[in-house]
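Chains as they are written, first to last, in my numbering: chain A, 1 to 283; chain B, 1 to 388.
Keep in mind that the hints were calculated from the coordinates and are not lab data. Hints should not be assumed to be uniformly reliable.
As the list claims (entries may be wrong) - A few chain A residues facing chain B, derived, Cβ under 10 Å:
| id | residue |
| --- | --- |
| 1 | 6 |
| 2 | 10 |
| 3 | 110 |
| 4 | 111 |
| 5 | 114 |
| 6 | 117 |
| 7 | 124 |
| 8 | 133 |
| 9 | 148 |
| 10 | 209 |
| 11 | 213 |
| 12 | 254 |
All residues carry an ideal CB built from backbone N, CA and C; glycine is no exception.
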Amino acid sequence: MELLVVNILNFVFATATLALVVLGLAIIFGMLGVMNMAHGEFVMLGAYGALVVQNAGLHFLFAIPFVLLLCIIVGWFIEWSIIRHLYRRPFDTLLATWGLAILLRKGIEAIFGRDYKSIDQTLPGTVQLMGVDYPAYRLVLIGLIALFFLSIFLWYRKSNTGARIKAMVTNPALASAVGIDTRHLARLTFIFGVCTAGLAGVALAPMVRIDPFMGLDYLLSSFFVLVVGGLGSLEGLLTGASVIAGTDVTVSALISKTGGYIAVLTLSILFLWLRPNGLFSSR
Amino acid sequence: MNRRSFIKNALCTAVLSTGAAGLFTGTALGADPIKVGILIPQSGPGGLFGPSCQNAAQLAVDEINAQGGILGRPIAPIFADVGGPPSDATQAALKLWKGQKVEAFIGMHDSAVRGALTNLFKGQVPYIYTAVYEGNECSAGTYVIGETPPQQLKPVIPWIASKKGASKWYLIGNDYNWPRDTNVAAKDYITQSGGSVVGEEYLPFTADNFDSNLARIKSSGADAVLITLVGGASVGFNRAFASFGLSDSVVRLGTLIEENTLAGIGAENSKNLFSASGYFANIDTPDARKFAADYSSRYGADAAALNSLGESCYEGVLFLQALAQNAGSLAIADIEKASEGTRYSGPRGTATMQNRHVSTNIYLAQARGTDFEVVETFTNVDPGSTCN
Numbered sequence: 001m002e003l004l005v006v007n008i009l010n011f012v013f014a015t016a017t018l019a020l021v022v023l024g025l026a027i028i029f030g031m032l033g034v035m036n037m038a039h040g041e042f043v044m045l046g047a048y049g050a051l052v053v054q055n056a057g058l059h060f061l062f063a064i065p066f067v068l069l070l071c072i073i074v075g076w077f078i079e080w081s082i083i084r085h086l087y088r089r090p091f092d093t094l095l096a097t098w099g100l101a102i103l104l105r106k107g108i109e110a111i112f113g114r115d116y117k118s119i120d121q122t123l124p125g126t127v128q129l130m131g132v133d134y135p136a137y138r139l140v141l142i143g144l145i146a147l148f149f150l151s152i153f154l155w156y157r158k159s160n161t162g163a164r165i166k167a168m169v170t171n172p173a174l175a176s177a178v179g180i181d182t183r184h185l186a187r188l189t190f191i192f193g194v195c196t197a198g199l200a201g202v203a204l205a206p207m208v209r210i211d212p213f214m215g216l217d218y219l220l221s222s223f224f225v226l227v228v229g230g231l232g233s234l235e236g237l238l239t240g241a242s243v244i245a246g247t248d249v250t251v252s253a254l255i256s257k258t259g260g261y262i263a264v265l266t267l268s269i270l271f272l273w274l275r276p277n278g279l280f281s282s283r
Numbered sequence: 001m002n003r004r005s006f007i008k009n010a011l012c013t014a015v016l017s018t019g020a021a022g023l024f025t026g027t028a029l030g031a032d033p034i035k036v037g038i039l040i041p042q043s044g045p046g047g048l049f050g051p052s053c054q055n056a057a058q059l060a061v062d063e064i065n066a067q068g069g070i071l072g073r074p075i076a077p078i079f080a081d082v083g084g085p086p087s088d089a090t091q092a093a094l095k096l097w098k099g100q101k102v103e104a105f106i107g108m109h110d111s112a113v114r115g116a117l118t119n120l121f122k123g124q125v126p127y128i129y130t131a132v133y134e135g136n137e138c139s140a141g142t143y144v145i146g147e148t149p150p151q152q153l154k155p156v157i158p159w160i161a162s163k164k165g166a167s168k169w170y171l172i173g174n175d176y177n178w179p180r181d182t183n184v185a186a187k188d189y190i191t192q193s194g195g196s197v198v199g200e201e202y203l204p205f206t207a208d209n210f211d212s213n214l215a216r217i218k219s220s221g222a223d224a225v226l227i228t229l230v231g232g233a234s235v236g237f238n239r240a241f242a243s244f245g246l247s248d249s250v251v252r253l254g255t256l257i258e259e260n261t262l263a264g265i266g267a268e269n270s271k272n273l274f275s276a277s278g279y280f281a282n283i284d285t286p287d288a289r290k291f292a293a294d295y296s297s298r299y300g301a302d303a304a305a306l307n308s309l310g311e312s313c314y315e316g317v318l319f320l321q322a323l324a325q326n327a328g329s330l331a332i333a334d335i336e337k338a339s340e341g342t343r344y345s346g347p348r349g350t351a352t353m354q355n356r357h358v359s360t361n362i363y364l365a366q367a368r369g370t371d372f373e374v375v376e377t378f379t380n381v382d383p384g385s386t387c388n
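Next comes chain A alone, as it looks inside the complex:
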């Protein structure tokens, strides 16, 4: 019983964190068509941002504005210098962002070194929930991520900007013909995607290993989620995240970690083969 509760909580937590990590890629790949291979490195930037804040002796929460600022600057510069020339050339974006990923990894390595870093837990300890001890930080994070997704969902539905983005995604020529500044909008969308990836890095930083290569872990699982869930909708993203996390948690709990990994890989291949548009597809 206790094992079941722990595994259910693990599943919820894995889905929430995976969804948060994928969001940035879903925006940049799903809306702008940029196959962003540097997505994991944006997550890494967020984690190193949290490290800088910790080294400066400031409270963990200061990492949020610091990383947002960092991501706005980095995102703006990358969009301006590289990405804007490559819209609608997906293969070129893949190569360019892979190069960018290497550059970011090496840059971080040059500044902070290859060795592991650690971020202190701001909310250490566990909380009793349905008879099991579960880490307090994880529970708070699940709540915050749920709130974050709810507000994004509502904003995208109701706001004018949301409507403009939808117009730009479905028909860019027509959108600019009716007076939407698609170049500006695309830049903002890209920066927003980078910022969510950075925030995901901050949120994960107290729980994971921090080194220049940490981004690679997140890139693969993010693409798996989008393959299963499909591009262009929050419903798809959340479903994809829960399917991938659910498969991993269930098979890992019943058989082994290796089994879980194989199951996720098999599932992604089957989706690519039989249902290349994923479960939810807007196109």
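Once you've looked at the hints, dock chain B against the given chain A.
Frame of chain A; chain B shown alone:
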């Protein structure tokens, strides 16, 4: 003097003087230096240890050269990257061996690379392997100075059992031969100490989520966990382990948790964490203190932190010197005859070669924050080698 003859004269003088200088320095340093290939990971997952290893090896080379070198010849180290797959490592070693005429090799890398290298060298060139490993390497011409499972676990598991009351052990490691072979040995020592194994798991290197493992460890009722995860996997596992509150009641023992890994695990996650090794950066013996002081005065405070794998490269060079002096030459036939019983003194203490391995001191350290504190020293531990 016209311009042409001036140039001619000037050239002649220059050539003569460089020639003379060459002859002079040549005789002063004892003709030709001994080229030693030092094979370390400068890329890939082990690349983290490359810098400390290179620094430590260079330190040993400089110290030995300052005292006249090996058999009167100075050492000329040539570093090469073996952090990639074994096929690349073989190519790198072959270039040094046949191309640059290297006379001896010192290697700190994984076992897959070692297997490829012993196959390449076929006992025709002295090869010193310095990394902690799973044991039972008996190839001709190969000399192992790294710790083996019998050294790291045979004395340590009974200590943990009696001092920490550990009886139900859970074994978790990455999925390759070092963790699996270590655990085969560990199971014997656990049974002998009156304990039992309640779980055994091997994870892929890519593992970054340990939730299912922790749930299983918790429900198994284990009171001790033997960790043979490597690098980043060990960091991630230990962080998650502590966040679930397991570190209060369950003892952790690792055989490859060195200073870098502990820094990644973090001070608040290192409660009840033990590590067994031949070397820690702060062991309190005259040899170890001198080595740490020399290292920091040579490379400064910002240099790659000292750790057991980096230190092993220092001892590799010391051991090569001891081996060559014992044999009176660097010829493989002489070294093979003389290797048994070769003794040297390094930061770990005094080590003696015994069936291609060395008996050495083993330190059991407990993590205090992000530092290790030695809680027990086991002297002159037998490597349990089965080579003859």
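*Unsatisfied constraints (hint numbers, rising)*: 3, 4, 9
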